[in-house]
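Q: Spelled out from the first residue to the last, the chains are:
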Amino acid sequence: MAELFQHLSTGFGAALTLSNLGFALIGCLLGTLIGVLPGLGAVATVAMLLPVTYGLDPLSGMIMLASIYYGAQYGGSTTAILVNLPGESSSVVTCLDGYRMARNGRAGAALSVAALGSLFAGIVGTLFIAGLGPLLAGVSQRFNSPEYFALMVFGLIGSVVLANGSVLKAIAMVFLGLLVGLVGIDVTSGTLRYTFGSLQLYDGIGFVVLALGFFGIPEIMSNLEKPASTRSVMVASYDSLMPTREEVRRAVPASIRGTLLGSFLGILPGGGGILAAFSSYALEKRVSKTPERFGTGMVEGVAGPESANNAAAQTAFIPMLTLGIPSHPVMALMMGALLVHGMAPGSSIMVNQPVLFWGLVASMFIGNLMLVIINLPMIGIWVQLLKVPYRLLFPAVLIFCCIGIYSVNNSAFEVMLAAFVATLGYVFYKLGCEPAPFLLAVVLGPMMEENLRRSMTLSRGDPAIFVERPICLALLVLSALLVALIALPSIRKRREETFVE
Amino acid sequence: MRIRSLQDFLAGLIFLAFGIVGLWIGRGYQMGSASHMGPGYFPVLLSGGLLLLGAAVAARSFVVEGQPIETIGWRPVLCIAGAVFAFGATIERFGLVVAVCAVTLLMAVATEERRWPEVIASAVVMSLFCIGIFVFGLGEPLKIWVF
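Protein chains in written order, with my numbering: chain A, 80 to 580; chain B, 177 to 323.
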């Protein structure tokens, strides 16, 4: 425990400089600004703003990126509550009661409850990272190639299970993603693979291109094809931000339950944000004395899922930071940023880069606090932004996407490539194929190949190595159980219900 | 035999196509053996898997009823993809202002609710805004004007 506080003070020492606070502030503002736009979720926002952080030193860059992430999440909730348009799937739940509260004239209270619940969840989630991180890093030091391979299988299966829609198609998306991840030069043999003779593909297809091509741009396309009348935004008005005493009394326990639930689910591979929000809503409905009133503007239905969602977003850092395995597309982007700065996330980051690691943890506290301090007073501005007609907003968003892609490598080729990737992304969207498992697989592709290769060399070509090692076997059995679980008719039915709701 | 889920049928075909292309190109890479995997081993494994999964998804479309495909808005999709492409094609040769105007113009074509004075105004405002934020604010090496 004393050690933990010492670590944290190292972190705060590094993170609490004036310039870092400034970067956290700018990050929160930028993140909220983009995240508040209807239809743009955290993945698109972080991908778009990623290049902005490349010029900074590693710690400042990560602090800013983390702040952008929080800002984007918060912006998504604001839009969900005020105009009933979820920025991403995890804030769908917030729409249910949040928008009803807004319609009942309690928008201000809903926004405050969401913000304060998120703050509490963020702080608890960060404590989880600080406490669990070193433990997991210790475990992972005993990991060898076969364990890493099994862990990645587990992570990918997790992302398939958490995807809504067909499991079979999600698995196919994973295979496609792994294959796309191999584009470029093979580090072991120097062979060029799937580059179609193009020099620009030597390093593979850029992750920002894929992230915006699958998450940001198709979103704009599908928004624009709806008739203009359904898009006209009805912004709910609000008066006071203060929740009543009665609302506070009901929100606090819901927020605590949501936080605990979210903290655990967030660690799961596949990133439990959506699952956390949905489960928390279901839990609140179950423990409530008046479950039939959910959907009419119950404050528990906002406090619980918002806290759960945010706690999960926070603890999703754990597998990325300690094992080097991202569990969510945003984490994959963060990992990409760390790699740009020459740091490989994994068990060694805590030992070799303690200042960076604990600085990042400290900055999570700062970012969460900053978000509440600057955003509650600024809600009026975000509301004004939502009143700008979509036909004026979307060219701006698309231009930001383009500049974001271009500035990663100053490559015009990547922007043109993104046009094709986005079209493909749109087609997949229309065919009910999930983008998240695909994106994770792209990142994990080369790593999986490398670890499979090493494992097989280790065992002289005998695949039995994966079942002979206990940790490895356990992970593979867990993956198989997950698959079996969703194949069971009763569970499948419940899963469908959860996602439909 | 009747296709019960067009979504699944088309998705299956796309996966199959990717699997075939993956195998076709991958056949040129050295396979190696299980203990010494060549650069072709993993891609061929994945392409093969993709082929099987694609076939399964497509086959299922004849058995299991699925959701219909929502209407596709060709115009916004083509215009937006075109706008992104145009940005990439113009940014280095003609600079930021031309690229921004190209995107704004194509976006105006994408919707029915365009008002030309508004389009021109937003092209001007966006150009100035992007120069201010990205070139001067963030110091990104973007070419501003044609020359």
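Any given hint might turn out to be false.
Each computed SDA-like pair below joins lysine to any residue, with the alpha-carbon atoms no more than 20 Å apart [what the hints assert, rightly or not]:
#1 LYS466/A with ARG290/B
#2 LYS466/A with THR287/B
#3 LYS305/A with LYS509/A
#4 LYS319/B with VAL487/A
#5 LYS305/A with ARG251/B
#6 LYS509/A with ALA234/B
#7 LYS305/A with GLU289/B
#8 LYS509/A with LEU186/B
#9 LYS466/A with VAL295/B
#10 LYS319/B with ALA491/A
#11 LYS466/A with VAL162/A
#12 LYS319/B with PHE492/A
#13 LYS509/A with PHE194/B
#14 LYS466/A with GLY184/A
#15 LYS509/A with ARG180/B
#16 LYS319/B with GLY374/A
#17 LYS466/A with GLU294/B
#18 LYS509/A with GLN243/B
Heads up, incomplete: computed chain A residues facing chain B, CB under 10 Å, no partners named [as the list claims (entries may be wrong)]:
#19 MET252
#20 LEU257
#21 ILE484
#22 LEU503
#23 MET535
Simulated coverage check for chain A against chain B, where a stretch passes if three residues somewhere in it have a Cβ under 8 Å from a Cβ of chain B [unchecked claim]:
#24 202-216
#25 292-300
#26 473-482
#27 490-499
#28 519-532
Treat the hints as calculated values from the structure; they're not laboratory data.
Note that the Cβ used here is the ideal one computed from N, Cα and C, for glycine as well.
Q: Does each hint fit the structure? Answer for all of them.
A: Hints, one by one, checked against the model:
1. LYS466/A with ARG290/B: holds, 17 Å
2. LYS466/A with THR287/B: OK: LYS466/A and THR287/B at ~18 Å, within 20 Å.
3. LYS305/A with LYS509/A: Roughly 14 Å between the alpha carbons, so the hint for LYS305/A and LYS509/A holds.
4. LYS319/B with VAL487/A: It holds: about 15 Å lies between the C-alpha atoms, which stays within 20 Å.
5. LYS305/A with ARG251/B: holds, 11 Å
6. LYS509/A with ALA234/B: holds, 16 Å
7. LYS305/A with GLU289/B: holds, 12 Å
8. LYS509/A with LEU186/B: Holds, at roughly 10 Å.
9. LYS466/A with VAL295/B: holds, 18 Å
10. LYS319/B with ALA491/A: holds, 12 Å
11. LYS466/A with VAL162/A: Holds, because 10 Å separates the two Cα atoms, which is no more than 20 Å.
12. LYS319/B with PHE492/A: holds, 16 Å
13. LYS509/A with PHE194/B: Distance of about 18 Å is within 20 Å: holds.
14. LYS466/A with GLY184/A: holds, 18 Å
15. LYS509/A with ARG180/B: holds, 16 Å
16. LYS319/B with GLY374/A: violated, 51 Å
17. LYS466/A with GLU294/B: Cα-Cα ~16 Å, so holds.
18. LYS509/A with GLN243/B: Holds: LYS509/A and GLN243/B sit about 10 Å apart, inside 20 Å.
19. MET252: holds, 9 Å
20. LEU257: holds, 5 Å
21. ILE484: holds, 8 Å
22. LEU503: Interface hint status for LEU503/A: holds (9 Å vs cutoff 10 Å).
23. MET535: holds, 5 Å
24. 202-216: violated (count 0)
25. 292-300: Holds, because 3 residues of the stretch 292-300 of chain A bring their Cβ atoms closer than 8 Å to Cβ atoms of chain B.
26. 473-482: holds (count 8)
27. 490-499: holds (count 9)
28. 519-532: Satisfied; 4 residues make the cut.
When the structure is compared with the earlier hints, violations turn up for hints 16 and 24 and for no others.
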